[in-house]
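Novice: Starting from the structure of chain A, add chain B where the hints point.
In order, the protein sequences belong to chains A and B.
So the first sequence is numbered by this note's numbering: it starts at 40 and just counts up by one.
So the second sequence is numbered by this note's numbering: it starts at 40 and just counts up by one.
These are calculated hints, taken from the structure and not from any lab test.
Hints are not guaranteed to be accurate.
No distinction is drawn between identical chains; accordingly, a pair holds when it is met within one copy or between any pair of copies.
Below 20 Å or equal to it, Euclidean Cα-Cα: the simulated PhoX-like pairs (lysine-lysine) are [unchecked claim]:
1. Lys-167 <-> Lys-357
2. Lys-180 <-> Lys-63
3. Lys-403 <-> Lys-79
4. Lys-79 <-> Lys-167
Being a predicted model, the structure only gives us computed values, none of them experimental.
Number of protein chains: 2
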Amino acid sequence: MEKNAETYGEWYLDIVEKAGLSDKRYPIKGMNVWTPYGWKIMRFVDSFLREELDGTDHDEVCFPLLIPETEFKKEKDHIKGFDSEVYWVTHAGLDELDVRLVVRPTSETAMYPMFSLWVRSHQDLPLKIYQIVNTFRYETKQTRPFIRVREIHFFESHTCHDSEEDAQRQIEEDLEIVKRLMGRLCLPYFLLKRTDWDKFPGAHYTVGIDTVMPNHKTLQLGSVHHYRTNFSVPYDITYEDENGEHKYVHQTTYGMSERTLGALISVHGDEKGLCLPPSVAPFEIVIIPILGKNQAVDVAKAAKDLTNDLKKAGFRVKLDDRDDRPGSKYYDWEIKGVPLRLELGARDIENKVVTYARRDTGEKGTIPMDSLVDGINGVFDSITKNLSEKAWKFQMDSVTELSSVDDIPKDTEDTKLRIYRFGWCGSPECGHRFEDDNDIKILGTPYLHEEYNGKCIVCGKETDTPAYAARTM
Amino acid sequence: MEKNAETYGEWYLDIVEKAGLSDKRYPIKGMNVWTPYGWKIMRFVDSFLREELDGTDHDEVCFPLLIPETEFKKEKDHIKGFDSEVYWVTHAGLDELDVRLVVRPTSETAMYPMFSLWVRSHQDLPLKIYQIVNTFRYETKQTRPFIRVREIHFFESHTCHDSEEDAQRQIEEDLEIVKRLMGRLCLPYFLLKRTDWDKFPGAHYTVGIDTVMPNHKTLQLGSVHHYRTNFSVPYDITYEDENGEHKYVHQTTYGMSERTLGALISVHGDEKGLCLPPSVAPFEIVIIPILGKNQAVDVAKAAKDLTNDLKKAGFRVKLDDRDDRPGSKYYDWEIKGVPLRLELGARDIENKVVTYARRDTGEKGTIPMDSLVDGINGVFDSITKNLSEKAWKFQMDSVTELSSVDDIPKDTEDTKLRIYRFGWCGSPECGHRFEDDNDIKILGTPYLHEEYNGKCIVCGKETDTPAYAARTM
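Only chain A is shown next, with the shape it has when bound in the complex (with noise of 0.2 Å):
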């Protein structure tokens, strides 16, 4: 099926579904399963997360799943948007219980507590960790695979320090690893400081990571909080100074989730299936022997040397050596994304060559025997340079400078829809009615500088600042 704005929700499902990335047969709507193919994707993605906060001197902990209604409630904000996203445990064996408990939906109201025990003295601080877990939210629209969800696969770090200058230096630390990991999965993103209505519940400001899907909406994937003392004060975090003075920390915390898999799929996949860049590919390369009749060279058994020889190579292989058609192996392949397929048969052994064919382009080649890991190597940079740079286009194509609300199309469904960058002067008033105006969302104003001169979209006042509006999945 072809890949457009108006195909992109059912080639979505179709894709998930014949990659075998997840079973939505569960029997609870929004909760599915995750089959082997999409979970080893799903871990690779963790597992550069890991690194990542590892290098950065975060510890990883696991904290409970349930958090008991008495702490939920005390940060007033954040607790008045979840109230009605939250699933409750009442009930224990036969037992009601006396206080209830909520499955957790992110991990502030379980973590802080405990934060309060942990931090005494400025040599504590920076405290720096991380989890990787499942939260929940009880969605009420739609569900999707990976995309929105009821139980979420979800990365959160939490940090606490003395300044707010130093909680500052770990948001930029954060996108410093956003922009690695992003660059790892060859995806696109803006950087977009959220309006003050749209923050993180309980959050003094929130920065959202956002990808352009092929519909032309944004995907958050993330986002970054900067909370100063919001939850320090009601979780009582202190520290003691180095002048025996009791201060409230300063937080962060820094999330994403499954969602990174959702946009994988839709930013890189075709009209042939998911295209998966080699570094979450479970395997990068499939090697299909190509069997003649009465051949002088035993094919069948070169294609298994050359699987064992690249897999000491450190590469992830499969050698496809069903009784099948080598065409209908390709169409299997290019279904599960694999990056790069070889073909081996009499002549290339004669040749001493692999054929290759590569999943982003369909382009074809050789690769000479004797240098075959570094060729290989070199067809993955380029792979994971025209992934990369095909992705960026298309997000960049996607944003249309607005200079009139009357340029935004005024029916819905439209999707023409485009992702929409103009003056704001900043009001909450003009943003306000430039949202409800159009029926649209206002994204938030770059996080990094961008040059801009112009008016407010609404006001007509002189602005230095754009702001970007998009509809959202």
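Specialist: Just chain B, lined up with the frame of chain A:
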């Protein structure tokens, strides 16, 4: 604190806290926080299981946490076994749910409705999957970190086979995995086929994996179950065989929990603290520079270089260059159970050696700098061997051959209790009578053949099968 049968309970809690393995101050009893050091050790155990399971063609999956009550209640014995100890989600957001949801206590009833969709033909068999997740039991007994908790870090594999024999072969494969895993952890164990009245709810038979604790009680670290068709019938998991006939699959499961960490602490620890096998030590080596006055050599720099060299060689190394007395550092790292301490002073550098101290025996010696990696690996091998031998000796020495029930101490709190081995005719009548009269549990009969010629301790009938009995943790 000395570790012996009397002090064990208190000693254990002390070590868990001092070594920073877990924090039990979380505001729900029996749901503890995995702090970084404990979580790192647990993740080594997880990674060994992943290696083993991936290497035996199991696929990793991740099933939802919540199970609809309707699915949960399909297998009658199973639900009877769990009814009084599960957590119930009854509300979501502001709504009461139509069907209550169980928080997984184990995943049979989550997985098997899907297996019924996944298994179609004999070509889909064997189906071998596993997951590493947390499970939940509403414990009413006294909780204890890693040993009896309400949120349990858990590994479970589930398989489907076309015959009872193939399922039986799976059990053998599982027990080979147990053997290799326990070998890496230097932990001794018994494999005991549980009595019919103590098998897993729904199982055809259960093999328990039991390790003896310092108080001579046994701890079940995991178990392997043959289900025959006990679940495939209610969950309708069938396949079409070569002749087009529809048959029920035979199933097995194998599960182990965070109790492996409880056993690691209990079995290897001593009066100084934790004592870790190198395989699971977050730091295998701690390096302590011994700084003197007016030294001609730069010990601090040499210690840094040594740290980097050993890291490059693949060791997990901690350089403790805090401004503190060496003795105080020794004390800290002994509590944490670091297997090997390297001390580096001016004289060592002159002599081109490092001084080492083994955590397990306290033995000190030197290793020549020019064969450091081999030297360290040699010490590690010796530590692993020693820990394993010592642990097996303690386990086997705990077993008392029983020819009469009069030899069991009458005081139920008696710390002189042992593991008892005695003749049993196998009849439930004699088994129940033995358990009731002596307030002690029959763990089962050896899964692997043991020579025995004796008489049933209750009825006096000749038998060639011994039973094991103990108090359990």
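Novice: Give a verdict on every hint.
Specialist: Do the hints match the structure? See the list:
Taking the closest pair of Cα atoms, Lys-167 and Lys-357 come within 20 Å of each other only across two copies (19 Å); inside a single copy the shortest separation is 39 Å, beyond that limit. Within a single copy, Lys-180 and Lys-63 get their C-alpha atoms as close as 16 Å, which meets the 20 Å cut-off; across copies the closest is 38 Å, which misses it. When the C-alpha separation of Lys-403 and Lys-79 is checked against a cutoff of 20 Å, the pair qualifies neither within a copy, at 27 Å, nor between copies, at 45 Å. Taking the shortest alpha-carbon separations for Lys-79 and Lys-167, only the inter-copy value of 16 Å comes in at or below 20 Å, while the best intra-copy value is 27 Å.
Going through the hint list in order, the structure does not satisfy hint 3, though it satisfies all others.
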